[in-house]
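Undergrad: For the protein sequence lines, the chains are A and B, in the order given.
Note that the first sequence ends on residue 254 in the numbering used here; no numbers are left out.
Note that the second sequence ends on residue 727 in the numbering used here; no numbers are left out.
Everything labelled a hint here was simulated from the structure, so no lab data went into it.
Please note that a few of the clues may not be correct.
Each pair of labels, with its calculated beta carbon distance range [said to hold, decoys possible]: (1) B:281 x A:129: 48 to 56 Å; (2) B:334 x A:236: 50 to 58 Å; (3) A:176 x B:648: 29 to 37 Å; (4) A:247 x B:248: 56 to 64 Å; (5) B:645 x A:73: 37 to 45 Å; (6) B:723 x A:240: 46 to 54 Å; (7) A:77 x B:723: 23 to 31 Å; (8) A:248 x B:78: 50 to 58 Å; (9) B:712 x A:77: 37 to 45 Å; (10) B:723 x A:179: 37 to 45 Å; (11) B:632 x A:240: 33 to 41 Å; (12) A:136 x B:289: 48 to 56 Å; (13) B:664 x A:192: 48 to 56 Å; (14) B:705 x A:77: 48 to 56 Å.
Cut-off 20 Å, straight-line C-alpha distance, at most; resulting in silico cross-link-like pairs (EDC-like, lysine to aspartate or glutamate) [claimed, not checked]: (15) A:80 x B:643; (16) B:274 x A:89; (17) A:85 x B:647; (18) A:107 x B:644; (19) A:85 x B:643; (20) A:80 x B:722; (21) A:80 x B:343; (22) A:80 x B:647; (23) B:336 x A:142; (24) B:336 x A:120; (25) B:356 x A:147; (26) A:167 x A:61; (27) A:85 x B:629; (28) B:274 x A:142; (29) B:645 x A:82; (30) B:649 x A:120; (31) B:645 x A:9; (32) B:649 x A:82; (33) A:80 x B:644; (34) A:85 x B:406; (35) A:181 x A:142; (36) B:336 x A:61; (37) A:122 x B:343.
Which residues of chain B face chain A? A partial, calculated answer using Cβ under 10 Å [what the hints assert, rightly or not]: (38) 339; (39) 354; (40) 541.
In this text, a Cβ means the ideal position worked out from N, Cα and C, and glycines have one as well.
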Amino acid sequence: MQILKVENISKVYGTKKGSNRYTALKNISFEVNQGEFIGVMGASGSGKTTLLNILGSLDRPTTGRFIMNGIDVGTLRKNELAKHRIENIGFIFQDYNLLETMTLKENIILPLSLMGMDAKTIEAKLARFVEDLGIVHVLDKYPYEVSGGEQQRAAACRALINCPKIILADEPTGNLDSKSGKDLLKLLSYINKEYKATILMVTHDVFAASYCQKILFIRDGEIYNELYSGSDKKQFFDSIIDVMSMLGGERQ
Amino acid sequence: MNLLTLAFRNIRLNRKKYAMYVFSMGFSVFTVYTFLALMHNENVMLAFQSDPRYRSLLSSFGVIIMVFVLFFLISSNNSFIRARKKEISTYALFGMTNLRIGKLLFLETLMVGSATLLAGIGAGIFFSKLMAMFLIDMCMTNYVGDISFIIDPGSIFITALLFLAIFCIMGLSGLRVIYKFELVDLFKAERMAEGKYKGSVPVLILSLALIAAGYIIAASGNALVVVLGAIPILVLVISGTYLFFWGGMPKVLGIIRRNKSLYYRGENLISTSAVSHRMKSIASVMATIAVLSAVAATAIATGFTLYSNTELNTYINTGADLIYYGGDSDLNKEIYRVMEANHVKMEREETIALYETVPKTENGPDGDIFSGYSLRVYPETEYNRLLEASRTDLEPVSIKSGEAYYASPVTPDDGGKAFLGVTLDFGDTDIRIVKVSRNNFSGMGMFHTVILSDEDFKELTGNGLIYSSADAGGAGTATLMNYQGALSDSRLNADLAAVLDESDAKYMTAYNLYNESMQIFGLLCFIGFFMSGVFILMTASLLYFKQIMAAEEERHQYQMLRRVGMDEKTERKVIRKRLMPVFFIPLAIGIIHSIFAMKTADTVVFSNMIPVENSYLSVLGFSAVMYLAYAAVYCIFYLITKSQYERIVHS
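Based on the sequences and whatever the hints tell you, model everything.
TA: Shown next, in the form of structure tokens:
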């Protein structure tokens with residue numbers, strides 16, 4: 003089943019006639035099916051975060067449209083967008099974006115409570131995920147009291163808890179050490195398989211990208227290449243490195 | 077770019093943040109200047125020269141204001157600097173030393189300060205006439221002098237000097253804040269900036285118990301207990317209030333957090349956790365504001381109640397505009413002559429025959445309860461005539477044969493009740509006192525008044541047991557007069573006093589008491605208004621600064637919440653629930669404290685002043701007006717803060 007269909011999205015910053023016009027995205031089109039784990043790679047400044055912001059409806063495209071879960075997101079109004087975000091999208095950010103004033107548990111249930119669910123349902127949903135994600139023991143701690151890995155797992159749990167149609171992850175391993183990063187990637191793969199969650203992950207880390215089933219490479223706002231993971235992980239990893247070095251090399 | 081131009085640039089760029097700061101600082105300058113100018117004002121000095129107590133009352137009030145202004149300016153300056161943390165840390169990042177940053181901020185303070193100093197003094201001069209008129213109008217009903225604008229160089233000089241000194245202290249204390257900044261804070265989002273504050277049940281219970289104990293003493297209704305307990309009440313309630321905000325309220329929030337069905341509603345989750353996160357830094361401020369609000373609300377309510385009831389209270393004491401007894405027969409004509417000369421019309425004149433007796437009492441506690449003193453005696457109709465002619469609204473009496481009413485300047489609660497049930501022994505006839513009430517003017521030279529039924533009175537005068545005071549060597553009649561301009565016409569009263577003093581009559585005028593009361597109550601009321609005005613503006617703007625500072629730090633949280641999918645409606649709800657407790661809990665506690673403080677004021681002062689069944693209710697009525705005004709000003713500040721907060725977290 004198709005979850006996301008992106009058609010000719012462009013994003014231009016700056017005024018129409020202004021000299022500091024800057025095109026971040028040019029005619030991007032692709033599709034995402036349910037249960038896919040897709041990576042978006044590119045050098046910094048290539049427009050991958052812009053793409054993620056647009057897909058997450060934090061930003062609007064200049065031209066083009068995209069359909070998520072059968073809805074043309076461009077037609078939604080501001081408050082409908084908030085509802086759309088809370089129901090269909092789960093976010094995982096590089097800097098976790100947990101509220102410092104709340105315990106991990108409160109952070110995780112935030113989307114549910116904003117949706118207006120009753121306490122019983124919330125507790126039931128929470129219990130199912132936290133055990134699976136291994137953060138039961140830190141639930142009543144505050145973000146600054148636990149490690150980065152635990153914070154990111156809580157953030158993943160928050161992204162997952164309302165069973166969104168798609169999880170958007172922006173450099174989720176960027177702030178983690180290699181061990182925690184690896185754990186998180188395993189977790190994302192697990193979420194992807196176990197809960198049939200669709201994940202779109204932006205990263206510039208080759209190792210992280212190697213966990214994906216499909217990778218889109220973006221260069222100067224355009225899709226440059228696509229790679230599919232085969233049965234051989236090593237080969238996939240090598241081809242990612244090849245593409246990345248090509249991207250990096252041409253930029254200089 | 078040197079420091080001076082940088083300072084100019086900063087002021088221009090931060091003008092929105094500066095606006096409130098300038099306003100509250102300008103108001104401080106205005107307050108101090110107005111005060112000094114009033115103290116030096118010829119008219120005011122002249123008006124109050126009669127009593128040095130008033131001057132000392134005014135000046136000690138002035139000292140309180142100064143201390144408060146100092147405290148307020150320093151703490152709002154520090155909040156202001158913290159609100160600009162990011163900007164200041166950036167300077168440090170680019171290699172500016174702390175001392176230079178301090179100098180820069182000091183320059184800004186001085187520049188903005190000088191401007192507000194000028195504006196504040198300007199406003200002070202502009203409003204000086206109004207303020208002096210306000211003060212004199214409240215206190216001096218009979219003052220007729222011309223009040224001019226006050227441009228008092230001495231006051232201007234002292235104000236300027238005082239504030240320059242305060243600016244220097246602000247500069248130093250700001251430097252201390254800058255030194256405490258860590259550069260890393262710039263890069264880390266507010267992490268562990270404030271420790272958790274869980275509160276505890278024992279502290280919550282203790283705080284409530286302390287406050288309750290204070291309330292119980294305050295509400296005891298016994299004047300002696302209340303007067304002796306004034307200090308314990310203050311200590312109990314103030315310590316209870318601080319404990320409540322330090323340890324009790326965090327616990328209350330904790331309890332709210334445990335109620336899941338309520339707490340898990342999106343906006344409650346966010347706002348409650350945000351408030352409890354802020355609790356540590358704001359607890360002391362909230363407690364201080366609660367206490368100050370209580371003081372200010374009580375001051376203003378007491379002043380207003382006293383002031384509004386001055387006229388009523390005057391007539392409770394004097395009964396009419398003029399009562400005299402004794403004097404020769406020409407006196408009445410003389411008085412009319414004076415009134416005519418002053419073009420004043422007599423409104424009411426009534427002459428009452430005076431009788432007295434020395435009865436035996438059977439069942440007083442120490443034998444004779446009246447200790448052999450003479451009693452003033454009225455028959456029912458005569459007494460009712462006296463009441464009806466008076467300017468009070470005392471109810472007429474109706475007495476059965478064999479019974480008597482007793483009246484004296486003492487209220488029933490303050491010991492008048494001792495006379496209830498006392499039997500007056502008139503030989504064949506025994507008359508029992510069945511009701512005790514307060515009357516300050518019926519005695520006509522005697523402390524006790526007894527009112528009998530008309531038949532009993534007739535019988536006992538027939539026996540000679542009750543006899544005219546003329547026979548006992550006193551005045552046979554008393555004359556009661558009400559006339560125009562009695563309370564305000566100073567010439568008339570001086571002329572009347574001259575005539576009455578010359579005769580050997582005893583007299584009592586409403587004018588003297590009224591004007592004396594107006595001076596002291598008017599001054600109290602003025603101080604109450606002024607102090608409340610200062611407290612309310614400063615505490616509310618202090619809260620404003622704290623919340624704006626918090627808004628800067630909480631901005632990224634709202635960004636995050638919007639990403640998760642919080643819509644604007646929920647965001648507004650969150651902000652409302654986040655700010656409301658901070659503004660209105662201290663206000664509510666302050667007002668509740670004040671309600672009990674008014675109960676003590678009622679016990680000590682008002683129950684003697686306001687002759688109604690339940691004087692406390694009427695006191696609360698007068699207080700409620702002031703509480704509403706107080707709350708309204710707080711609401712305005714809340715709305716300003718809310719819109720600023722929304723603007724900041726939305727940018």
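Undergrad: Hints first: check each against the structure and report whether it holds.
TA: Checked hints:
About 34 Å separates the C-beta atoms of residue 281 (chain B) and residue 129 (chain A), a value inconsistent with the hinted range of 48 to 56 Å. Hint check: residue 334 (chain B) to residue 236 (chain A), Cβ distance near 53 Å, so the stated range 50 to 58 Å holds. Between residue 176 (chain A) and residue 648 (chain B) the C-beta distance comes to about 33 Å, which sits within the given range of 29 to 37 Å. With their beta carbons about 58 Å apart, residue 247 (chain A) and residue 248 (chain B) fall inside the hinted range of 56 to 64 Å.
Distance hint check for residue 645 (chain B) and residue 73 (chain A): the Cβ-Cβ separation is about 21 Å, which falls outside the suggested range of 37 to 45 Å. For residue 723 (chain B) and residue 240 (chain A), the Cβ-Cβ distance of about 52 Å falls inside the hinted range of 46 to 54 Å, so the restraint holds. At roughly 29 Å, the beta-carbon separation of residue 77 (chain A) and residue 723 (chain B) lies within the given 23 to 31 Å, and the hint holds. Take residue 248 (chain A) and residue 78 (chain B): their Cβ atoms lie about 51 Å apart, and the range 50 to 58 Å holds.
Residue 712 (chain B) and residue 77 (chain A) have their C-beta atoms about 41 Å apart, which keeps the hinted 37 to 45 Å range intact. Between residue 723 (chain B) and residue 179 (chain A) the C-beta distance comes to about 39 Å, which sits within the given range of 37 to 45 Å. Evaluation of the 33 to 41 Å hint for residue 632 (chain B) and residue 240 (chain A) yields a pass: the beta carbon distance comes to about 40 Å. Our hint of 48 to 56 Å for residue 136 (chain A) and residue 289 (chain B) holds, since their Cβ atoms are close to 51 Å apart.
A hinted range of 48 to 56 Å for the beta carbons of residue 664 (chain B) and residue 192 (chain A) is consistent with their spacing of about 51 Å. Judged by the Cβ atoms, the range 48 to 56 Å given for residue 705 (chain B) and residue 77 (chain A) holds: they are separated by roughly 51 Å. Distance hint between residue 80 (chain A) and residue 643 (chain B) is fulfilled; the C-alpha atoms sit about 8 Å from each other, no more than 20 Å. Pair hint residue 274 (chain B) plus residue 89 (chain A) does not hold up; C-alpha atoms about 34 Å apart against a cutoff of 20 Å.
Restraint check: the Cα-Cα separation between residue 85 (chain A) and residue 647 (chain B) comes to about 13 Å, which is no more than 20 Å; the hinted pair holds. Proximity of residue 107 (chain A) to residue 644 (chain B) is assessed by CA-CA distance (about 24 Å); at most 20 Å being required, the pair is judged violated. For the proposed pair residue 85 (chain A) and residue 643 (chain B), the alpha carbon gap of about 7 Å is at most 20 Å, so the pair holds. Taking the CA atoms of residue 80 (chain A) and residue 722 (chain B), the gap is near 17 Å; set against the 20 Å cutoff, the hint holds.
Under the criterion of a C-alpha separation no larger than 20 Å, the hint pairing residue 80 (chain A) with residue 343 (chain B) is consistent with the structure, at around 19 Å. For the hint pairing residue 80 (chain A) with residue 647 (chain B), the CA-to-CA distance comes to about 13 Å; that is within 20 Å, so the pair holds. The hinted pair formed by residue 336 (chain B) and residue 142 (chain A) meets the criterion: a straight-line CA distance of about 14 Å does not exceed 20 Å. As the CA atoms of residue 336 (chain B) and residue 120 (chain A) are separated by approximately 9 Å, the hinted pair is consistent with the 20 Å bound.
At roughly 18 Å between alpha-carbon atoms, residue 356 (chain B) and residue 147 (chain A) fall within 20 Å of each other, so this suggested pair holds. As the CA atoms of residue 167 (chain A) and residue 61 (chain A) are separated by approximately 19 Å, the hinted pair is consistent with the 20 Å bound. The suggested pairing of residue 85 (chain A) with residue 629 (chain B) is violated, with an alpha-carbon distance near 26 Å, which exceeds 20 Å. Restraint check: the Cα-Cα separation between residue 274 (chain B) and residue 142 (chain A) comes to about 13 Å, which is no more than 20 Å; the hinted pair holds.
With a CA separation close to 12 Å, the supplied pair residue 645 (chain B) and residue 82 (chain A) stays within the 20 Å bound. The suggested pairing of residue 649 (chain B) with residue 120 (chain A) holds, with an alpha-carbon distance near 19 Å, which does not exceed 20 Å. Only pairs whose Cα atoms come within 20 Å are accepted, and residue 645 (chain B) paired with residue 9 (chain A) is rejected, the gap being roughly 32 Å. This hinted pair checks out: residue 649 (chain B) and residue 82 (chain A) have alpha carbons roughly 17 Å apart, not beyond 20 Å.
Restraint check: the Cα-Cα separation between residue 80 (chain A) and residue 644 (chain B) comes to about 9 Å, which is no more than 20 Å; the hinted pair holds. In summary, the hint linking residue 85 (chain A) to residue 406 (chain B) is not supported, as the alpha carbons are separated by about 95 Å, beyond the 20 Å threshold. As the CA atoms of residue 181 (chain A) and residue 142 (chain A) are separated by approximately 24 Å, the hinted pair breaks the 20 Å bound. Restraint check: the Cα-Cα separation between residue 336 (chain B) and residue 61 (chain A) comes to about 34 Å, which exceeds 20 Å; the hinted pair is violated.
Note on residue 122 (chain A) and residue 343 (chain B): the hinted pairing holds, with a Cα-Cα distance of about 18 Å set against a maximum of 20 Å. Taking 10 Å as the C-beta cut-off, the interface hint given for residue 339 (chain B) holds, the closest approach to chain A being about 8 Å. Among the interface hints, the one on residue 354 (chain B) holds; its C-beta lies about 8 Å from the nearest C-beta in chain A, closer than the 10 Å criterion. Among the interface hints, the one on residue 541 (chain B) is violated; its C-beta lies about 84 Å from the nearest C-beta in chain A, farther than the 10 Å criterion.
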